[in-house]
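Student: Sequence:
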Amino acid sequence: MREALARGTDSRDNQNPFAVTEDEARSIIALTYGMITMIDDAIGRVLRRLDVFGLSEDTVVIFSSDHGDHMGDHGLMLKLLLHYQGIIRVPFIWHDPRSPGHGQVDGGLASSIDIAPTILARAGIQPYNGIQGRDLLSSASPEAVIIEEDSQRLMIGFDRPQRVRTIVTDRYRMSLREGEDWNELYDLSADPDELTNLYDQPAGQTARHELSELMLKRMIALQDRSPLPAYRA
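Going by our numbering, the sequence shown wraps up at 235, each residue one higher than the last.
Derived by calculation from the structure, the hints in this document are not laboratory data. Note that this is a predicted model, so its numbers are computed, not measured. We put the CB at the ideal spot given by N, CA and C, even for glycine. Do not take every clue at face value.
Taking CB as the label site, the calculated pair distances span [unchecked claim]:
| # | residue 1 | residue 2 | range |
| --- | --- | --- | --- |
| 1 | Ile115 | Ser29 | 32 to 38 Å |
| 2 | Ser228 | Ile64 | 24 to 30 Å |
| 3 | Ser66 | Pro129 | 14 to 20 Å |
| 4 | Ala223 | Val107 | 24 to 30 Å |
| 5 | Ser143 | His97 | 18 to 24 Å |
| 6 | Arg51 | Asp161 | 49 to 55 Å |
| 7 | Gly36 | Asn131 | 42 to 48 Å |
| 8 | Leu111 | Ile64 | 16 to 22 Å |
| 9 | Ser66 | Ile127 | 15 to 21 Å |
| 10 | Pro129 | Thr61 | 19 to 25 Å |
| 11 | Gly110 | Pro204 | 28 to 34 Å |
| 12 | Asp202 | Arg51 | 50 to 56 Å |
| 13 | Asp98 | Phe55 | 15 to 21 Å |
Starting from the given sequences, assemble the full structure and let the hints guide the process.
Tutor: Set out below in structure tokens:
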């Protein structure tokens, strides 16, 4: 991507990630902060209407969003395919007027597939058989979460559509790619900016093997359990 930027041939359309200069990154970040302010104002208006109608003490408010952009991290902008922290982390705020845990911050691992089971549990509705995810309010954080991304089109910096599987733990992030000769492994505790890829380094081999096994187990656990045919191979 940086080579394409230097040549002036990078394609800046759709949602494809691309390399940026410092001035471009600063301008885009400023515009993004403006959008955040706009969203904050809009959410505030919704909450005020709940007060007006007398519903604020009888309404569970849930706030989340799509994942973010690179925002200049690693010299990149936009999103997709590279699972740096700025891309895979999303906000999730849960306000329940009947909950005693106001203002608590939970730093444990969670996934978007946990949102539906949590809502169903709060509403007292039995989840369907085989639902993925967990009730965030009544279960412990998992050892790891899985991220799956499949690209159907060719993107700049890649010579083929990408299939990526990522595992994230409290300490590590490892991403594996189908058909590529490079993968990623970062020690988030020692390298929170994800600048040193340990995947092929001697220091990363123990974590690489342990994470590969853990990823396999998590992928098996995430397979659909219902409805199932009489036999599947």
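Student: Return the numbers of the hints above that this structure violates; sort them in rising order.
Tutor: Per hint list: zero violations.
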